[in-house]
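Please construct the entire structure, taking both the sequences and the accompanying hints into account.
As they're listed, the protein sequences go chains A and Y. With this note's numbering applied, the first sequence corresponds to residues 1 to 190, in that order. With this note's numbering applied, the second sequence corresponds to residues 1001 to 1190, in that order.
What the hints contain is simulated information worked out from the structure, not anything from laboratory work. Positions of the beta carbon are idealized from the N, C-alpha and C atoms, including for glycine. It is possible that part of the hints are untrue.
To be verified - Heads up, simulated DSS-like pairs for lysine-lysine below, C-alpha to C-alpha not over 25 Å straight-line:
hint, chain 1, residue 1, chain 2, residue 2
1, Y, Lys-1189, A, Lys-143
2, Y, Lys-1179, A, Lys-143
3, Y, Lys-1179, A, Lys-179
4, A, Lys-143, Y, Lys-1087
5, Y, Lys-1143, A, Lys-189
6, A, Lys-119, A, Lys-87
7, Y, Lys-1143, A, Lys-88
8, Y, Lys-1076, Y, Lys-1087
9, A, Lys-179, A, Lys-88
Stated by the list, open to error - Label-pair distances were calculated between CB atoms; the ranges are:
hint, chain 1, residue 1, chain 2, residue 2, range
10, A, Glu-33, Y, Ala-1070, 50 to 56 Å
11, A, Gly-12, Y, Lys-1006, 44 to 50 Å
12, A, Arg-117, Y, Leu-1139, 39 to 45 Å
13, A, Glu-178, Y, Lys-1179, 23 to 29 Å
14, Y, Glu-1134, A, Glu-178, 36 to 42 Å
15, Y, Ala-1070, A, Lys-76, 43 to 49 Å
16, A, Gly-36, Y, Glu-1134, 49 to 55 Å
17, Y, Pro-1097, A, Pro-77, 38 to 44 Å
18, Y, Glu-1061, A, Asp-50, 55 to 61 Å
19, A, Gly-12, Y, Gly-1112, 25 to 31 Å
20, A, Pro-73, Y, Glu-1061, 51 to 57 Å
21, A, Arg-116, Y, Ala-1114, 25 to 31 Å
22, A, Gly-95, Y, Glu-1080, 39 to 45 Å
23, Y, Pro-1097, A, Lys-76, 40 to 46 Å
There are 2 protein chains.
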Amino acid sequence: MVKPEKREEIIGAALELIAGHGFHGAPMAMIAERAGVAAGTIYRYFESKDVLIRETYVFLEGQMLASVMARYPEGKPVRERFLHISKKIVNYFIGSPMEFRFVEQFFNSPYGVACRREKLLGRKDQDICAELFEEGCRLQIIKDLPLPILFALAFGPLIDISRDHILEFITLDALLIEKTVAACWDAVKR
Amino acid sequence: MVKPEKREEIIGAALELIAGHGFHGAPMAMIAERAGVAAGTIYRYFESKDVLIRETYVFLEGQMLASVMARYPEGKPVRERFLHISKKIVNYFIGSPMEFRFVEQFFNSPYGVACRREKLLGRKDQDICAELFEEGCRLQIIKDLPLPILFALAFGPLIDISRDHILEFITLDALLIEKTVAACWDAVKR
DNA sequence: AATTATAGAATGAACGTTCATTCAGTGGGG
DNA sequence: CCCCACTGAATGAACGTTCATTCTATAATT
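If you want it as structure tokens, here you go:
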């Protein structure tokens, strides 16, 4: 009888602690304490720390996708859809700094590289962004560049400015986000 | 009598191993072995592992700066100088994958965040890039955005594509680099 | 001979994981 | 309605490993 409620507690604790102190600054004992559970109990819910970390990411991926897809202007022009996605991403990140820090750590680790590799080699027809860029290319609206480069031009800066905001190197507001997202569009558009 | 030659061996070993296996996959004993030295000896040259890591970064920073500044077209238009810096950065990274991986790890860690904070709060008049953007702003050539955002638009994608190349997700050649750097210019120019 | 550098074993702290034990909840027999 | 046997979730001390760092005996240098 595995309670989903306890599982969520553990994921939440892992998220908080790893976001705050990194993978290696968040020992299982500490995660257990934060979750209100004994160290051994975690192993009833997750096979290992690795699995716990990956499941925590899966949980976040769901959240992010839901946030980006909310009120997605399906059928509207490429540019409008691009701006929608971009703004949603930045707003999700700066509204969820803990989640942002976790995801960033995740991607800058062997976990994340493996994850990216799968995604790039995997089916592209389910990825809303890849779809969007491909359509833009076909319509000659977007520069004819390999997909990973378009991703880098469009989303690299957005992640960077989200981090800078969270670290308080800058303060983003709606206007600044608007301008930056527009600049990213300048980078990818023909 | 501390031999500089041995110091460099140790830095080289730290660089290779940390680039390959991360900070936590590169124990002092392994660095020592690679450097052809005993574990304890490292401590005659570096106070701690932390210091060794930071000194390794300082060493790389020198290398990178030298690479970027070689044949810098001082006095030429903003756009030309921008393209020079951008191309030099990408070429340095893809020509030195090990160095790239180390620097990336360094910046995605508490070391790097501290380092960035210092740099952003420190004197800007010595930073060639900040200088360039500021001049571009004054001349109305570059968008009027905070410096960290211009950095993100210009260099974020370059780092991303360098990583993608090193991980073999894409294959960069001179033409592709040229196109991408031009796209970054589109992002920052008015 | 005296001083300093090096090697590598020793140390102790920290970690992920395991496992013998405890505990709470359930159901069946009286 | 009570009692007791049973189940399996939860516990947390203990284990084995790994690591940075220190210590000490030895080698090299002056």
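Hints, one by one, checked against the model:
1. Of the supplied pair hints, the one linking Y/Lys-1189 and A/Lys-143 holds, its CA atoms being roughly 17 Å apart against a limit of 25 Å.
2. Distance check on the hinted pair: Y/Lys-1179 and A/Lys-143 sit about 9 Å apart at the alpha-carbon level, within 25 Å; holds.
3. With a CA separation close to 23 Å, the supplied pair Y/Lys-1179 and A/Lys-179 stays within the 25 Å bound.
4. At most 25 Å may separate the alpha-carbon atoms for a hinted pair to count; A/Lys-143 and Y/Lys-1087 meet this at roughly 19 Å.
5. Using a Cα cut-off of 25 Å, the hinted pair Y/Lys-1143 and A/Lys-189 holds, with the two alpha carbons roughly 17 Å apart.
6. For the proposed pair A/Lys-119 and A/Lys-87, the alpha carbon gap of about 23 Å is at most 25 Å, so the pair holds.
7. Annotation: proposed proximity of Y/Lys-1143 to A/Lys-88 holds, straight-line Cα distance about 23 Å (limit 25 Å).
8. The suggested pairing of Y/Lys-1076 with Y/Lys-1087 holds, with an alpha-carbon distance near 16 Å, which does not exceed 25 Å.
9. Between A/Lys-179 and A/Lys-88, the direct Cα distance comes to roughly 14 Å. Compliance with the 25 Å bound is thereby established for this hinted pair.
10. At about 53 Å, the beta-carbon gap between A/Glu-33 and Y/Ala-1070 stays in the expected band of 50 to 56 Å.
11. Between A/Gly-12 and Y/Lys-1006 the Cβ separation comes to about 48 Å, which falls inside the hinted range of 44 to 50 Å.
12. Distance hint check: the CB atoms of A/Arg-117 and Y/Leu-1139 are about 43 Å apart, consistent with the given range 39 to 45 Å.
13. With their beta carbons about 26 Å apart, A/Glu-178 and Y/Lys-1179 fall inside the hinted range of 23 to 29 Å.
14. As the Cβ distance of Y/Glu-1134 to A/Glu-178 is approximately 23 Å, the hint placing it in 36 to 42 Å is violated.
15. Look at Y/Ala-1070 against A/Lys-76: about 47 Å separates their beta carbons, and that is inside 43 to 49 Å.
16. A hinted range of 49 to 55 Å for the beta carbons of A/Gly-36 and Y/Glu-1134 is consistent with their spacing of about 52 Å.
17. Between Y/Pro-1097 and A/Pro-77, the C-beta spacing of about 40 Å keeps the proposed range 38 to 44 Å intact.
18. At about 33 Å, the beta-carbon gap between Y/Glu-1061 and A/Asp-50 misses the expected band of 55 to 61 Å.
19. At roughly 27 Å, the beta carbons of A/Gly-12 and Y/Gly-1112 sit within the given window of 25 to 31 Å.
20. Restraint check, A/Pro-73 to Y/Glu-1061: a C-beta distance of roughly 45 Å breaks the suggested window 51 to 57 Å.
21. Between A/Arg-116 and Y/Ala-1114 the beta carbons are some 27 Å apart, a value that agrees with the proposed interval 25 to 31 Å.
22. Between A/Gly-95 and Y/Glu-1080 the C-beta distance comes to about 40 Å, which sits within the given range of 39 to 45 Å.
23. For Y/Pro-1097 paired with A/Lys-76, a C-beta distance near 41 Å keeps the hint of 40 to 46 Å intact.
Hint compliance for this structure: hints 14, 18 and 20 are not met, and every other hint is.
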